[in-house]
Amino acid sequence: MSEQKTPVHAEAAPVPGASQQAERPSALKRVLGGSVGRNLGLVIALVVLLIIGTVTAGDRFADVNNFLTIIRYASIIGVISIGMTFVITAGGIDLSVGSVMGLSTVVASLTAVQLAATQSSWLLMILVPLAVGAAAGLVNGIIIAYGNVVAFMATLAMLVGARGLAELISGRRTQIVTNTGFLEFTRANLLGVPVLIWIFAIVAIAGWILLNRTTFGRRTVAIGGNAEASRLAGIKVRRHLLMVYVLSGFTAGIAGIMMLGRTTAGTSTHGTLVELDAIAAVVVGGTLLIGGRGTIVGTVLGVLIFSTLTNVFTQNNLDTSVQAIAKGLIIVVAVLLQQRFATHGAAAQKS
Amino acid sequence: MIDDDHAAPLLEVRGITKTFAGVQALKGVNLTVRAGEVHCVLGQNGAGKSTLIKTLAGVHQPDSGEILWRGEAVTIAHPVAALDLGIATMYQELDVVDGLTIAENIFLGHEHSTGGLLKVSQANRITRELLSRLGHGDIPASTEVGQLSAANKQIVSMARALSRDTRLIIMDEPSAVLDSGEVANLFRVIRELTSSGIAVVYISHRLEEIRQIGDRISVIKDGRSTASGLAVSETPTPELIRLMTGRDVANVFPDAVPVPASAPILLEVDHLNLRGHFSDVHFTVRAGEIVGLAGLVGSGRSEILETIYGARKATSGTVSVQGKPLHAGSVSSAVGAGMGFSPEERKSQGLILDEPIFKNVTLSTFSRFSRAGFLNEGAEKVAAREQINALELRPADPERPARTLSGGNQQKILLARWLVHGTRVLLLDEPTRGVDVGARAEIYALIRRLAAEGTAIVVVSSEIEEVLGLSDRVLVISDGNVLAETNAGDIDESGVLDLVMKGSAA
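Those protein sequences? They're chains A and B, same order as listed.
Residues are numbered in this note's numbering as their position in the first sequence, beginning at 1, plus a constant of 17.
Residues are numbered in this note's numbering as their position in the second sequence, beginning at 1, plus a constant of 179.
One chain only, chain B, in its complex shape (with noise of 0.2 angstroms):
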């Protein structure tokens, strides 16, 4: 897979800068990709990876140092520079239109037409061709890209970037938005692209997912290289993780407290049903215990969640928060009996971005420091200065607009949140999604912290790993059924994987 070393390498960054209003994002980053590779590139967030991508897709102009394609030194100048010299982008957030169709989205920019008139059967047929090469040949071409999954959309701007003459793509957390299935088949399209002399930068800061797709990697800390062109297979994790963070994570998951038998229990959920999502869902969750829900995308874990807080009205059967039943489909009910929830989409159902951080911690409960209506602000910026110290929250300004925090502070909010509010349940959908390795550990920390304040946790995720390492207890949920109850010691992964493949067989 990988050429000879003496080859002339297809991309070649050296000891580039940018420095944007004072800040530099790369302080010298180099970069060697070769024909035919997978070429990670790893890195927190912040670290300079979106600079580096966007410097190389011709948005961004480096300060200094050079970029050679080819051998030859080369000027990026705009985003239709890079296409021409084949370097193609596929952002996190997929750059594709909704409303047209997948032919029409793969010349967009480049139609094929004859005084005006666009040519739609040659880009169907041509589009036809580049989603079989994709493995996606069922698809029609004449599909409004609007209506494909998230992994589609992905296979849509890959096959744009094949319609050109692309030597090298670039990945943007490319699984991100992905389930595993869907992940497997986007690393085999990798695998095609390669075999054929395409070059792929893939940019992710999940570890397993480079060892499985990834030659070699690069890494970058603080806008700096601090290894280029490691082969895989011969760099351990551990080191991996040094590189990206400058410390050693020894153990990533704090160890568990036992729950005392008596420990009263908090939440109960009584044979719970959301018909089309998941049936007769019941487990009892005590104070001190977290409660892990394992399963597939689309094993409604999540709607589990959801429904238990009133986020969506249940078909039928009960949610009981310290032994009251809760109004089926009310938030406000849920959160009154002192049950918070940290949603899957942080940004878009959990923040107010451009709201300072101390509003976004009391959005639950602003009122409480009201007075006959009357706000209290600086009442609320004290409890929230207090928990921004607690949970080590930076920046501790609580008048910075929530937008401006890394994944990981952001999610430190939405925990304050609920500390301030005094929750005694507590939900959370995907608590570490987009927050990088070194933070996630001190995530889990304060999980756990919290579980031995005595509140009782739920936690879905869709690293099995995370919910296996988190909880005390399992249940491993596929269609919308569970499969299984038992402590989180007593499986593993592929026992997890084991009883999904059995239980949709069946």
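Next comes chain A alone, as it looks inside the complex (with noise of 0.2 angstroms):
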């Protein structure tokens, strides 16, 4: 839409010798302009963070342990992240995924499943979660992509019918993980660090190479940035939406695993208002909300100052309110920082 409110920037463009010459006194601009500097906006973002908290809390805050609990504490929130990645490049949006967890949760913390996974085997249990994921959002994506419902919309419902859904399951009850295979792989360590975390950096892996050097993820920038042209140009641009929103349901259902680790338990209440931490953290890294454009480095490094920030505060013993407060800030801050680094980018680019 702003192309066309900008024809000046078009009728620049074929002024030539104007380009080499706009584009070398500027190139500090351009350097902070592009990846490089939206993601070095956010690794100094974390370092001040991290100075903070030696500052302030000392060898409580900086701790090898207390970094693995940061991370560890960022684990779930950034694989959804992860999955929100993708539909947010993709131009959509994924209310749904922090009930859908939930869900997840309590489904594979049932009775039956419990007892059928000790009967056979505790993978059961994981792939109890992963398929109720995959499910939810097969449904949010059927309802979007050939529905032509708007994805705020589809997803509200599923947020609330999820939720709803898992109540019913489980009647309200906290239903304890008696299952010790499945606890023992969710909480043990390897090499010295948590499976939680070593999910949280595969998940984070896979879905770099697969935002960045798959068609898969090449599909989702195109459909994101113009989904006219991508259907024009032959890509199904339906189904790969469908695909996107199972790919966030599947992650979220990743996310039921370890939070059904880390609590032991499965409650409806698992992953209240995940969502918008996990909307936060994907733009604050970076992705635009109008979708094109993603990156999982921005969106890791999002989830990961959040996490720093809560920690900061709760090994100074600060109230949670006062922690809200600044999340807040940080979030229209970086968004405003983001916006200066992108028009100064784009005008580098244009003149």
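Rather than coming from a laboratory, the hints here were simulated on the basis of the structure.
Where is the CB? At the ideal position from N, CA and C, for every residue including glycine.
Certain hints may be false.
[Said to hold, decoys possible] Cβ pair distances, simulated, as ranges:
no., chain 1, residue 1, chain 2, residue 2, range
1, A, I307, B, G502, 39 to 45 angstroms
2, A, L57, B, R385, 45 to 51 angstroms
3, B, V436, A, I219, 54 to 60 angstroms
4, B, G557, A, I307, 25 to 31 angstroms
5, A, F169, B, A575, 40 to 46 angstroms
6, A, E245, B, T497, 23 to 29 angstroms
Assemble the dimeric complex from its two separately framed chains, guided by the hints.
Structure, rendered in structure tokens:
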């Protein structure tokens, strides 16, 4: 839409020789405007938080175990945010991830499922949440891609519906996980690092490859950038969007497994408001909310910034309400900075 | 119509310059506009027309040079200052608010009110007067602007200009969004305005329009005036093209290459129908042949192309490529069969503007370069670079975002996309819309070359001259019906219009 309002840029383009002229003096701006710059800003923000943490809380903060705590805390929202990055890059939104995660913990911790898992294999408790998440994503995808319902509304309905279903199934009771195989796996350490962090790392790396190196990622970016042009170029837009929502549901399922492991319980309240944290992390990370540009590295940094912030506040015994205010400020500042970089970068390219 | 030469000009622009971030957009532009004239400003894309307009509208400040308004030097510091002087600007992308009524739009920013309460009935009354002055008294003032056609939105924009004491209206390519009937009405309104002493600065690169409506012409090339205040009637077209492009354009359309009767039929459209748009369209295109669809806006020509391509689902009838019927309503089936489509709205339907050239070029083929789902961007860039060189696409940098390219080069991206794809059947909707005169000839030559290499091509254009000049065969279309099919050489523009008029009368 915006391109139509900027005929100057379109006209300025073919002036020969002018382009090189413009690029040289603004090389620094171009670097800052590029992906390096956006991530650089996030890295700086993270370093600042780490310094604040070290100064205010000293060794309690600057400790390997505390850092592992920060990342472990980030891992569940992190996994969901990776899926969310795809959805937002494709020009959509998924508000249902938190309640789908809750639903998946409830279904996986049902007495019947746990009994079956005990009789067969604890892997069943891995498969069930994945299936629940993917199925919810499939429903979202069908409604959005083939029913032409706005993603915001379709996933809002799923948010409410999945939460209700989880309450109904569990009778609003907390279901304790008793399957030892499952608990041993999810609560284990590998090379001194908790399994939850390994899962986050694997999902993030897989997500990065998927977004940047595969046809799936290219389609996601293309559709988010211009769905109509993608359709007319022969890309099966509906089918792809469906798959993006399945992917998002699938990551919510993975997060469900992690939640079950961390809390050793399934309940319908798991994941409440997680969707907002995930969206905030993705957007702060530099993925465009209107679609067409996504960054997994940015998302990971965004998640880490928020969990480090939480940790700094906790280590200093500060009120969670103050923490919420700080989060809000970070979101606003990050988006403002992004816009500044984005316009500088764009101006450097255009003029 | 034109004032006596000795009268002080309404607006005089003397040697203004403007630099943006190291790029000199204006390097010395002169413009003298007299009251009551239509002064055309001509220039290719990138010549600096838009910058000039924005300088006059108070959006940009010139770095040097002066602007005289009714004989006095003025500084137009901001858009409201321009309006206060009496300079109104109608931008190409009309700045009307769709959700408001016509009256609300007209008084936007200078509402009549008492104590904060709007005087709605007064606004509506004045709006009605303005609309009837513009020959559109039939549109109710309370109509929501979003429901109006592009032509009527322009009328609203003009009425807004007239609601103030406007002496000069700048129109930036006003005809770009209009069909020929609407253009005729626009011209009638412009004559009405000038007869009451208002001056119009008319920006366009359609020479034929300038011939019809313009009194005098100023030409800009690369940010510099190459001619100022030439009388339209005394300046031949080749001279204007030379002033605009700096070179002579002898023959715009390339010579047709005769298609042998033995050439295989690549595209067969068999009794295709789309309810509410067109009925019973059937024709064939051989390898190497260019078939043009000629007709006015709304005749169904674009819909026919889109339906052939599967972007719309046909009500009945079939489309076959090399004898194999396609699935109705499936773009991927068409693309898979070797069909390509360059849509009318290049920016919104064809390109991903913020993505680099090479990704736009391989948008239909990137999976072909991939292995097991993994992209091979290196191979994509090689393929894109090949086409960049073959089509002389500029800038020749595959990493450049498509947004930064001119209209002609953006069109080349789309052609490159289908060349990489190996398209045998190419559908082109308005291939030169927004492409300046110099680059058009290049696009025409490319299309002809593709045909010569054995591609079957279908072209739609709102410029009948273009359809006739480019095609081997022409289908004349009106109201969704094919009125005639003829060799392009056997019919001229007035012949097409005659058929269309008769067809719609029948």
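Mind listing which of the numbered hints don't hold for this structure, in increasing order? Nothing - there is no hint that the structure violates, so all of them hold.
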